[in-house]
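We have chain W already, so just place chains Y, F and E on it with the hints.
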Amino acid sequence: MAILVDKDSRILVQGMTGTAGQFHTKRMLEYGTKIVSGTSPGKGGEVVESIPVFDTVESAIDNTGADTSVIFLPAAFVKEAAIESIWAGIKHVVVVPEHIPIFDMMEIRKEAKRYGSTVLGGNTPGIITPGQANIGIMPDIAFKPGKIGTVSRSGSITYYVADTLTRSGYGETTCVGLGGDPVLGSTFDDILRMFEKDDETEAVVMCGEIGGVYEEIAKDTIKRMKKPVICIIGGIYAPPGKRMGHAGAIVEGSMGTAKSKLKALEDAGAHAARTFLDIPKILEDLNIEPVEKPK
Amino acid sequence: MAILVDKDSRILVQGMTGTAGQFHTKRMLEYGTKIVSGTSPGKGGEVVESIPVFDTVESAIDNTGADTSVIFLPAAFVKEAAIESIWAGIKHVVVVPEHIPIFDMMEIRKEAKRYGSTVLGGNTPGIITPGQANIGIMPDIAFKPGKIGTVSRSGSITYYVADTLTRSGYGETTCVGLGGDPVLGSTFDDILRMFEKDDETEAVVMCGEIGGVYEEIAKDTIKRMKKPVICIIGGIYAPPGKRMGHAGAIVEGSMGTAKSKLKALEDAGAHAARTFLDIPKILEDLNIEPVEKPK
Amino acid sequence: MRLFEFEAKQLFAKHKIPITEGVLCTTPIEVRNAVLNFDGRGILKVQILSGGRAKAGGIKKVESPEEAETVADDLFEETVKGYPVERILVDPLLDIRREYYLGVTINRAKYKIVVIGSPTGGVDIEEFARKNPAKVFKESFEIDERMYSFEAYGIGLQMKFRKEKLNLVSSIIMGLYNVFKAYDCKLAEINPLVETENGLLVAADARISVDDDALFRHPELAEMGIEKRHEEGEMTLREKEAREHGIPYLDLDGKIGMFPGGAGFGIMGNDFVNYFGGKPANFMDSGGGPSPERLAKMLVLLDENPKVKAIFGARFGGISRCDDFAKGVIMFLKDHGLSKPMVMRMTGNNWEEGVRLFDEAKKKNPELFENIEAHGIETPIEQIARRAVELSQEVE
Amino acid sequence: MRLFEFEAKQLFAKHKIPITEGVLCTTPIEVRNAVLNFDGRGILKVQILSGGRAKAGGIKKVESPEEAETVADDLFEETVKGYPVERILVDPLLDIRREYYLGVTINRAKYKIVVIGSPTGGVDIEEFARKNPAKVFKESFEIDERMYSFEAYGIGLQMKFRKEKLNLVSSIIMGLYNVFKAYDCKLAEINPLVETENGLLVAADARISVDDDALFRHPELAEMGIEKRHEEGEMTLREKEAREHGIPYLDLDGKIGMFPGGAGFGIMGNDFVNYFGGKPANFMDSGGGPSPERLAKMLVLLDENPKVKAIFGARFGGISRCDDFAKGVIMFLKDHGLSKPMVMRMTGNNWEEGVRLFDEAKKKNPELFENIEAHGIETPIEQIARRAVELSQEVE
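Protein chains in written order, with my numbering: chain W, 68 to 362; chain Y, 68 to 362; chain F, 45 to 440; chain E, 45 to 440.
There could be a bad hint or two in this list.
Unchecked claim - Below are the DSS-like pairs computed for lysine-lysine, each with C-alpha atoms no more than 25 Å apart in a straight line:
no.	chain 1	residue 1	chain 2	residue 2
1	W	Lys286	E	Lys323
2	Y	Lys110	E	Lys179
3	E	Lys351	E	Lys323
4	F	Lys156	W	Lys177
5	Y	Lys286	Y	Lys330
6	W	Lys110	F	Lys207
Bear in mind the hints are in silico, worked out from the structure with no lab data behind them. Quick caveat, the model's predicted, so the values are computed rather than measured.
Isolated chain W, as found in the complex (with noise of 0.2 Å):
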């Protein structure tokens, strides 16, 4: 098992006539993703990479029964791209693409909600089940199949903490990107707790930084896990970041630190770890084994 996505999901990219929507299918193909279709209004009928491209992802569904979705599209069009996925069926929505307006997220996390769909994004580096689907940009390198769950906020940490997990011998189930922008389409909590139920997850690395509430939310989730949290939070040695006026310190109250976050995610239990070496350290004594010798 794995979260999310595995070798049985059939991928859609939507934008895939565009530059990086053509560059990421050829190299997501070659991991042995398995993309079934591609969209691209008005060029439904053209092919890339062998793989057909429709004018509406219903058609695309209908056609090759995809059930996940990658977006390379411009910011601007991604609040349509992603709604047009959820409302056909789709389950799961990769938004690769940054600098997605608010209001557009929040609509598309509604009607995500409503349709029982999961968004990733944006500025996500996508996700990936080594071995299996690596569904938006993410570098082979680091990855490897195993027995640890990470999710993060940041692409780069996402590699980095992979690339140590892989080298310590315990590899990863799913390795999720929430994304970068400041309001996603899913949350820490949102993947912890499907992290939980994977049976083939022993752990969870869940990577966060200073800024937003998302990790302070995870708390409760994080309580009631079974399975160990590790924590490794960036920006414990940053200025503090600005407050969205009255109205945002009313709201967030006192979130928003790395050491808020990494107060509220020990006080729930989490495992903190202050480098990525640290992070094969505490598998360790938390009696978890490598699935093979380390590098």
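Okay, now just chains Y, F and E, sitting in the frame of chain W:
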């Protein structure tokens, strides 16, 4: 029993401090209608005819247990007032003002469906359950408790039909004014279903007129009803109305003429009256006895 | 309330729907010059508030500026479907490859907005829709729903657009939907939506009806000169006079002057009179809660109509109270006088006060009431209708 | 992106929120005249893109036109919170009966719009909210929800408005909500919302932040001169230079030049260096998929910074590929040259090509690479960080 309102209905008057609100509050109270409160934003704390006025429907309900509202406000304010009531839990909303914008009434209808409320109007004379509650602007003189339900798009036709039923000794259970605006909060269909379930109603008189589609779409309900439906349709001799472009013709097909309505209703098993005086004759033919001697 | 084609096209243009680059003209010379600028050919379209202009001769193709001027000269002299021609929209001739239909309206039965598209447009769309219902595609929207572009694509695909045309038509579909929503429309229609030989899409005609009752919240329309108006076809003088007083009034062929209450019994009373063998001379609606002045004016219209032989009056007081009704009748009797027999029935809200006012006035000036047979609730309205028919026949 | 107070007030006015009738001034003389017109008294407010102006001395009450000119003279000379003062908004003095707070923002945890109202406003609202959470009222809205007037009344009642004030404040609450929705705001705030002694309500201050990422769909803001801008406080020359090249850059106190990939490892790398006992000289973010030119410029900024003793380079190629990274480094080495020791790690997408490019360049010009210790995936990033700290200490 009766439909929609009875002696236990607790009525709220929205726009109670206005001229029409004050005038009709007095009239309705004189009939014995249980008016419990009024609203008028910014005038909370005032009193009209000894009835307390509140700023919001919510506070009116909290303080007086109102469950039915009647609106006496300019058309431009009706949407907000009706939706405020619906959201606050009012079960029946009577919209007396006319010329409610169509989009507004569609929005009201949508919210009413969402929360399970019934809306009558715009441009309805209201609803009366004779001897129990007279909500709106109907003249008392025409009505008397009895066993026939009526539902009409026109105020004056409601009065004439009730007058005829009263004088012929049948009386009425409840008389419902759907309203004269082009798009209405409730349809014949909605009200006929209620009469079908009402123990005291033995037959229903349905008064339609040329234009619109509300008569035609009641036909399936009439077919399924056990109670007899007598219909009277105005406009048999009127010149045909104008269509709303090709789109109107495509959407509404051949509906909308007095003859199309009459045919649809007669085909569904309704008994057609040509004049009001036909109505008691038809009731007699159906072996329905008057409750008292005709005048 | 219907908009002129040129007004509808202004709204289209604001929402990025491509329109023909027509010129609005008020004189034959302007028409000539417009056609000159369109390489000597063009299409003249009278701007009237009515459909079916083509069949009524209000749309003319011209092949030269001279012909344009002559044809325009004639059109400006004529009335088309009863409407005087004050403006002609001159459009360039289009090289038409294909005509589509696109419309947005309300489905009152389902309380939804409906977008209708068809790969076949033009004058025969209604018949086409009747015969080929499967080829006319409808998509419904909730009143508070926006249209997403992928929904527009779906409609465009159903209309048989493909490839780059799909992008063009999607933006038109969204534009039309947005026009519909932005101005509280009852109808927004492009028929035909023309695909030209060089692959462009353009709204060759435009039809919009807005909801009169929502005009108050559209000052932007008033700024364009689009204000509450009546579709003035061939109106009689009396109809015009009634309209000036805000009274919905229609002349009919019969002899009975109808002085009913609201529109509901206005329509039904007309049926009753016909049913009892008479013919109404008019349709009239007092509106809700009319003033005595307005009621008096309504009676003047009937009394001064030579075709009216008898008057049928009815008031079942609801929002319109009997005391106001009585005041209106008395005002008319005093200021104008009644020259025809009238039978009437008055009951409903404040009937006691209405009767009291009548009695009082009658006591003072019994002669004013000579021609009136007044009844109350005790007399069925059918009997009044029948009596009106009798009176109208007696007079002959 | 924060708006100036006067800009925010322009948007308020468009949505019928009553604002103080202030005058925007750019010279002391204009300030003097403005105060003269306000009966000789007024309040001068520097227009800078920062809060806390009052505490920083950017808001001054003046009692005469002369005082106004003198104070303005000083303000125009100063910087407030590091911002140069180019404009002063002169407001009339208000007779304040009471100050309220009203704000709209986003609750990111719940994905809702939140309207916040409090019967107590002014500078201490945050502390008030902390101490009296029950007196700060919040109402949530879905992103696609409009606000109905009765909801505004509900909020107004919670803010303790009564009677005719309730109508005034409701329209302000709806106005603020509409502003928030209309311009893709992240924040719209009136603090204080002033009730004057003569019973009027007026927005004495105005704060709006709009979502930069949604600016593309607000040409109406661009027309008002509100375009993408940076909140320029006290920036160093290097920060300004980086900004001109579109590079997010911040000078810090340490000695290690940070040349990381995306913002994520930019922040984490800073932590690592600190953790291993070093101090970064800067924060920098290459952005997603930077060009070689941009990467080269980033290195120039570090190499030319005299405080930088060693450079810490990291690239885990994702959307930003290693070949582009290598090209950027090589471009820098050739065009500028590296004068400081640099330790770096490069892996991820297209790392093979990156390594090939390095090898090729090194073969041609080995001297360019003298100061570089280059690693690949085999070396943990912690080791690179530790080495960078060592290098920065060795140099001393």
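Here is how each hint holds up against the structure:
1. Between the alpha carbons of Lys286 (chain W) and Lys323 (chain E) the distance comes to roughly 32 Å, so the proposed pair goes past 25 Å and is violated.
2. Simply put, Lys110 (chain Y) and Lys179 (chain E) have alpha-carbon atoms about 24 Å apart, close enough for the 25 Å limit, and the pair holds.
3. Of the supplied pair hints, the one linking Lys351 (chain E) and Lys323 (chain E) holds, its CA atoms being roughly 11 Å apart against a limit of 25 Å.
4. The suggested pairing of Lys156 (chain F) with Lys177 (chain W) holds, with an alpha-carbon distance near 22 Å, which does not exceed 25 Å.
5. Restraint check for Lys286 (chain Y) and Lys330 (chain Y): satisfied, since their Cα atoms lie roughly 10 Å apart, inside the 25 Å limit.
6. Simply put, Lys110 (chain W) and Lys207 (chain F) have alpha-carbon atoms about 6 Å apart, close enough for the 25 Å limit, and the pair holds.
The structure fails hint 1 only (numbered hints given earlier).
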